[in-house]
Amino acid sequence: MSPTGPSARGATVTLDVEEIRSHFPILQRILPNGKPLVYFDNAATSQKPLVVIDAMSDFYKQYHANAHRANHTLADESTAALEGARDRISRFFGTSENQMIYTGSATEAMNLVAYGWARYNLEEGDVVVTTEMEHHANIVPWQELSKEKGIELRYVPIDVENFTLDYNAMEVAIQGASLVCVGHVSNVLGVRNEIERVIEMAHSVGARVALDSAQGAPHERIRFDELGADFCSIAAHKMAGPTGIGCLLVKSDALDEMGPFLTGGSIVKRVSKEDTLFQDGYAMFETGTPRMAEAIGWHAAVDWLEENIDFEEAHDYVHEISSWMAIQMRNIPGITVFGNPEKEEAIGVVSFLHDTIQAQDLGYLLDAGGFAVRTGHHCAQPLMEAMGVGSTNRASVWFYNTMEEAEAFVAHLANIVERFS
Amino acid sequence: MSPTGPSARGATVTLDVEEIRSHFPILQRILPNGKPLVYFDNAATSQKPLVVIDAMSDFYKQYHANAHRANHTLADESTAALEGARDRISRFFGTSENQMIYTGSATEAMNLVAYGWARYNLEEGDVVVTTEMEHHANIVPWQELSKEKGIELRYVPIDVENFTLDYNAMEVAIQGASLVCVGHVSNVLGVRNEIERVIEMAHSVGARVALDSAQGAPHERIRFDELGADFCSIAAHKMAGPTGIGCLLVKSDALDEMGPFLTGGSIVKRVSKEDTLFQDGYAMFETGTPRMAEAIGWHAAVDWLEENIDFEEAHDYVHEISSWMAIQMRNIPGITVFGNPEKEEAIGVVSFLHDTIQAQDLGYLLDAGGFAVRTGHHCAQPLMEAMGVGSTNRASVWFYNTMEEAEAFVAHLANIVERFS
Amino acid sequence: MPDDGEWSEEITEIVDRFQSCFDDMERLELLFEYAEKHPSTLPIDLWNDENMVHGCQSRAHVVCSLNGEGGFMAEGGADAQIVQGLMAITAIAVNGQPPEKVAEHDPSYIEGMGLSRILTPSRANGFMNMVRKVKQEASSLM
Amino acid sequence: MPDDGEWSEEITEIVDRFQSCFDDMERLELLFEYAEKHPSTLPIDLWNDENMVHGCQSRAHVVCSLNGEGGFMAEGGADAQIVQGLMAITAIAVNGQPPEKVAEHDPSYIEGMGLSRILTPSRANGFMNMVRKVKQEASSLM
Ligand SMILES: Cc1ncc(COP(=O)(O)O)c(C=O)c1O
Ligand SMILES: Cc1ncc(COP(=O)(O)O)c(C=O)c1O
Chain A
1 MSPTGPSARG
11 ATVTLDVEEI
21 RSHFPILQRI
31 LPNGKPLVYF
41 DNAATSQKPL
51 VVIDAMSDFY
61 KQYHANAHRA
71 NHTLADESTA
81 ALEGARDRIS
91 RFFGTSENQM
101 IYTGSATEAM
111 NLVAYGWARY
121 NLEEGDVVVT
131 TEMEHHANIV
141 PWQELSKEKG
151 IELRYVPIDV
161 ENFTLDYNAM
171 EVAIQGASLV
181 CVGHVSNVLG
191 VRNEIERVIE
201 MAHSVGARVA
211 LDSAQGAPHE
221 RIRFDELGAD
231 FCSIAAHKMA
241 GPTGIGCLLV
251 KSDALDEMGP
261 FLTGGSIVKR
271 VSKEDTLFQD
281 GYAMFETGTP
291 RMAEAIGWHA
301 AVDWLEENID
311 FEEAHDYVHE
321 ISSWMAIQMR
331 NIPGITVFGN
341 PEKEEAIGVV
351 SFLHDTIQAQ
361 DLGYLLDAGG
371 FAVRTGHHCA
381 QPLMEAMGVG
391 STNRASVWFY
401 NTMEEAEAFV
411 AHLANIVERF
421 S
Chain B
422 MSPTGPSARG
432 ATVTLDVEEI
442 RSHFPILQRI
452 LPNGKPLVYF
462 DNAATSQKPL
472 VVIDAMSDFY
482 KQYHANAHRA
492 NHTLADESTA
502 ALEGARDRIS
512 RFFGTSENQM
522 IYTGSATEAM
532 NLVAYGWARY
542 NLEEGDVVVT
552 TEMEHHANIV
562 PWQELSKEKG
572 IELRYVPIDV
582 ENFTLDYNAM
592 EVAIQGASLV
602 CVGHVSNVLG
612 VRNEIERVIE
622 MAHSVGARVA
632 LDSAQGAPHE
642 RIRFDELGAD
652 FCSIAAHKMA
662 GPTGIGCLLV
672 KSDALDEMGP
682 FLTGGSIVKR
692 VSKEDTLFQD
702 GYAMFETGTP
712 RMAEAIGWHA
722 AVDWLEENID
732 FEEAHDYVHE
742 ISSWMAIQMR
752 NIPGITVFGN
762 PEKEEAIGVV
772 SFLHDTIQAQ
782 DLGYLLDAGG
792 FAVRTGHHCA
802 QPLMEAMGVG
812 STNRASVWFY
822 NTMEEAEAFV
832 AHLANIVERF
842 S
Chain C
843 MPDDGEWSEE
853 ITEIVDRFQS
863 CFDDMERLEL
873 LFEYAEKHPS
883 TLPIDLWNDE
893 NMVHGCQSRA
903 HVVCSLNGEG
913 GFMAEGGADA
923 QIVQGLMAIT
933 AIAVNGQPPE
943 KVAEHDPSYI
953 EGMGLSRILT
963 PSRANGFMNM
973 VRKVKQEASS
983 LM
Chain D
985 MPDDGEWSEE
995 ITEIVDRFQS
1005 CFDDMERLEL
1015 LFEYAEKHPS
1025 TLPIDLWNDE
1035 NMVHGCQSRA
1045 HVVCSLNGEG
1055 GFMAEGGADA
1065 QIVQGLMAIT
1075 AIAVNGQPPE
1085 KVAEHDPSYI
1095 EGMGLSRILT
1105 PSRANGFMNM
1115 VRKVKQEASS
1125 LM
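Residue numbers (the working numbering), protein chains in the order written: chain A, 1 to 421; chain B, 422 to 842; chain C, 843 to 984; chain D, 985 to 1126.
Mixed in with the good hints, there may be bad ones.
What the hints assert, rightly or not - Straight-line alpha carbon distances no greater than 35 Å define the calculated DSBU-like cross-link-like pairs of lysine-lysine that follow:
| id | chain 1 | residue 1 | chain 2 | residue 2 |
| --- | --- | --- | --- | --- |
| 1 | A | LYS147 | A | LYS61 |
| 2 | C | LYS879 | B | LYS672 |
| 3 | D | LYS1021 | A | LYS35 |
| 4 | B | LYS764 | B | LYS568 |
| 5 | A | LYS61 | B | LYS694 |
| 6 | A | LYS251 | B | LYS570 |
| 7 | D | LYS1021 | D | LYS1085 |
These are computed hints drawn from the structure, not numbers from a lab.
Sequences are here, hints too, so could you generate the full structure?
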C-alpha cells in the first residue's frame, strides 16, 4: 500500500495510519452501492478497534456474572474487571477512581449534575450559566431545572464573526452564578473553548463548573485534577469505546454535596422500610446491575488509545486534514464553511452548507459517493439560530482518516456542486 | 454424550438441554480450581448464547454509526437495527413499540416510573403501595419520592408462614392508593405473585400498577397488553440479553400522563433558548446516543428465545430441577430452605441457610466445588428482616441447567455439611 | 420484484430511464431533473402544519383533492429536491386515478428505479410517510 | 513468588501444611481448623463500628495494641470462619513483632498457602482490608 496521511505529502506528522486503520474492522467496509466507506461522522460516534469488540465478547464467553458481593469465581472476575476498568479509565482522565461515576452516556452524566448536585444545592433565584454554543445535553437539563426550581438560566452568546464564545459577555453573565456549564469543544464548529479561562472566571466568583467534554475527550487528554473543573461529562462511544456507557468526573468536594438520583440496589448500606442509608462517594450513584461489558470495552479502548495514539500528534494530524478540507471547500462555488477549522486549536470538524443544494440532498449525494457525514441541527438548535441556519452538513475527522479520503471527499463535493447546482 | 435433564430420569419434560447448552460458550468454562462451572446464579444475571454476542460484535464490525437523522448508509443501517429491535422486543412482550421505552436497566425503568410519571401525577398525601417482598429497585425510588413529595408509602406485609404476599392486607393497603408497585416474581423466594389479582384490585380503586418483572420476564412470557398493568420494568441481562439495557413497558394512557425525565438531545422537536418542545410518546424518554449494541444484542436474545425455548416447557423443566433440589436440601442436616420452591408456580430459586455454617463461608465452600450461587441480602433487606435473617445463600436455575448439575450440587452441599459443621 | 404489469406506461418509462443509470449519482441526478421539471405547485400558504409530512428531515407538504372527473390529485412541495422529485413521480403515478385505487397504491416502482437502497424506511427522508399520507387522504376522499 | 526467607518458622510450618492440601476444599477445611483453634478473643462489646473491618460481607472486627514489651498485638473477631481463620494466621504472623515491622507487613504467605485464588482483592471477604487495617494501626502505634 502506498503511504498515506499528510506525511506522504511532505507534512510534519508521522502517524502510521495504515497500521492504525488495520485495527478497525469497519473501515474495510464496502457499502451496498459498491463504494468503500469513508467515515467522516466521527463527532457523532467513533468506530471501535477490534480489541474493544473482542474484550466484550470475551467477557460474555468467559467470565460474565453479576459484579459485587462476589463469593463465586465468575462474579469475582467480573467485579475485578469492572473495578479494574474504573481504575484504568479514571487514571486515563487524570483523576482517581473516587472521582468517577459510570453513567449511561454523556447526556446522562450531565443529567446527574442536574439531579444529583444542582437539585440539592440550588434554589429559586440561583443562577446557572450556559452558552449558545452548547449541545442540547447541556441546555435542556438546565431548562427543566429552571422550570422545577425557579433558577435563572443565562446564555452566554457567541461572537458570530469569529465563531467563539463571547468571553466579555461571559464575564458579565457569571456574576452571581452558582454553576457554569460549558462545552469543551463544539460538536458543530470544532471550536475548542477556553475552558481554563472559564474555570478561572467561574471559580473567582465561587461558581462551580460543569464541562461537557463529550467532544473534548476524543481529541485531547483530559487531566481532570489539573484542570480544576468540578464536573466533566464524557461519552465512551465517541472515543473508541462502546455504546451505553459514559462517566461523570466529579471533584471530591462537589461529590460530597451530591445526593441520591437514580435509586435501587447496590448504592445502599442498609434499607429498612422506613429509610435508606446510602453509600458514600461515587458508590451512591451507580444503582442496579452495572454496565459491565460496556466498562470492559471502554477499558480496552483506553488501553488501545494509550498504546497507539499520541494525542498531541493525533491532534496535529487531524487538524492538518480538516483544515485542508476547509480551505479547499471554501473554494468550491456556493459552499460556506462555518467556524474556523483552520485555527490551530480547532478540532477536526468542518460544518458547511451549499447555497442552492439543500442540506439533506447534499447528505444523500455525499452518501452516494460513500462519504458518511452528518446532516441536521446536531442537537444544537440555539447555535443554529445564532448562526441563522436550520442545519448544516458536517464532516468530522478522527485519526484513522487519511488525506486521501479528504481529497476524495473534496473532489466528490466539487463534482456534486458542478452537477447539481 | 449421555442424555441429560429430567427427561432422562423418566420425567415428563423433553427439552434438548445438551443442544441448548451448546449455544452458551461460558457453560464450557473450567474454573481456575479445575472444576467445571456449574452456574446457579441465574437470578442475578443469565448467560448469553453465542448469537447474542456475535450480533453485537457484528454491529461494531460492520455497521456501527449513530442512529437517527440518518442520511448516510451506516447510520441508516444502525437506525433500522435499533428500531427493528424495538419492534421485535415489544412484540415479544405482547405489546407495540409505542408502549416500550428503552432504559439502562430494570432499576432505571422503575426510576422512570418514579420521575417520569409519579413526580408529575402525585402530590402530598397521595398513596403509593409497595410490598415487603420487593427488590430495593422497587422500594428506594418510592422512599425518595416520598421524601421529596410527601407521598405516603405503604408496605404490604408478607405471610411469613407461607412466604406469599398477604393479599388481605393488600386489599386494605390499596384503599385510596394512586400507585401499586409489586414484584412479579421474588428474586429471593422464587414466589410468583398473583399479579393478575393485584392488577384487578388496584384498578378497582383507580390506582395504577407498576410491575417489577425483572425476575418474571426470564421465566414467563409477558403479554403486556393482555395483562393490563400500567407499567412493567424488565432487564435484558436476566433473559439472555446483554448488560446495560432494559425497558419500561407503559400503557399508552399512562404514557400520556408522563413528563420528561432525563433530558438532552433526540427527545426534542425544537429547542430554543427559552423553551423546549418535547417529542411525544416513548420518544420523549430516550435521550442521548441510543444503546444500540445493547438493543441489537437484546433483539438477538429474543429471537433466540423464541426459536429455542417454549416458556411453559422451560418453566416445568426448571421447576422440576429446583423443586427436586429443595426437597433434597431440606433433608440435609442443618439446612433451612426459605419459601416453597416445590409449589407448582414457583420459579427456579432456592434460598437456603445452614444453621452453623455461616452464609459467606458456605458460598466459598460451594465455589470450591465449582458451584456459582449468590450469598447476601439480594437487595431485599426488608424481606430479610421480615424473615428474620440477614442473608441467604441462593441457587437459581435456568433452562440450561441440568439435573446432573443439581445432583452434583446437592452432593457437594451434603459433603460440606458433613465436613464443616 | 415489482409487479410492473401494474405500472402505467408513464411510470414504466420513468423506471426504464432510471434503470439505464450507471450509479446512484446518476439516479439522483435524474431525480433532481424530475424535481426541476415538476417544481412545487403548492402555494406557500399551504405549507402549513396540517399538510405537513411528518418524519421528514426537510420540509415537505402535500395537499390532495379530486379533479372534475373525480380523479385523485396530489400536489406537493418540498424543500429537498430528492423529496420533490419523488413527489413528482408519485403524482405521475397516482394523479387522475380513482381514489379507491390510490388508497391501495404500492410504490413498487421505487425498487424498479433502483432507489430502494437510498430510500429505506429508516432514513428520515419522509418518502414513505408521504406515500402513507397520500393513501390516507385518498381513503378519506373515497 | 513469596519470599519465604521472611516468614517466621511458625508461618512456614502453616504454609507447609496448606501446601500439602489436595484441593481448595481441603485448604478451606484447614482454615476452618485454625479458626476453631483460635476463636475470637475479642469481647463482644468491642465488635463496634470503630473496630470494624470495612468492605467485608460478614462482620469482622480487629483491635490492636502493644504488649508489655512493646510488641504488636492484634485481636480479631469475625462471624465467618474463613475470615476468623485468616485473622488467626495473620495474628500468628504479626503478633509480638515491633509495630514498625508490622506496618510493612506483606501477607505473602497467603499465596504460599494457595489461598490467593480464593482471596482476591475484589471478593468481599475483607481479608485485604483486615491486613490494611492492621498495618494502619501498627503505624499509629509506632
Ligand atoms: C426483582 C428484581 N427487581 C429489579 C432488579 C434490578 O435489575 P437491574 O439490576 O438489572 O436493574 C432485580 C435484579 O437483581 C431483581 O431481581
Ligand atoms: C458536545 C456534546 N455533548 C453531549 C453529547 C451527548 O453525548 P451522548 O449522546 O453520548 O450522551 C454530544 C454527542 O452528540 C456532544 O457532541
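Against the structure, the hints come out as follows:
1. LYS147/A with LYS61/A: Distance of about 47 Å is beyond 35 Å: violated.
2. LYS879/C with LYS672/B: At roughly 48 Å apart (the allowed maximum being 35 Å), LYS672/B and LYS879/C break the hint.
3. LYS1021/D with LYS35/A: 75 Å, violated
4. LYS764/B with LYS568/B: Cα-Cα ~38 Å, so violated.
5. LYS61/A with LYS694/B: 48 Å, violated
6. LYS251/A with LYS570/B: Cα-Cα ~29 Å, so holds.
7. LYS1021/D with LYS1085/D: 26 Å, holds
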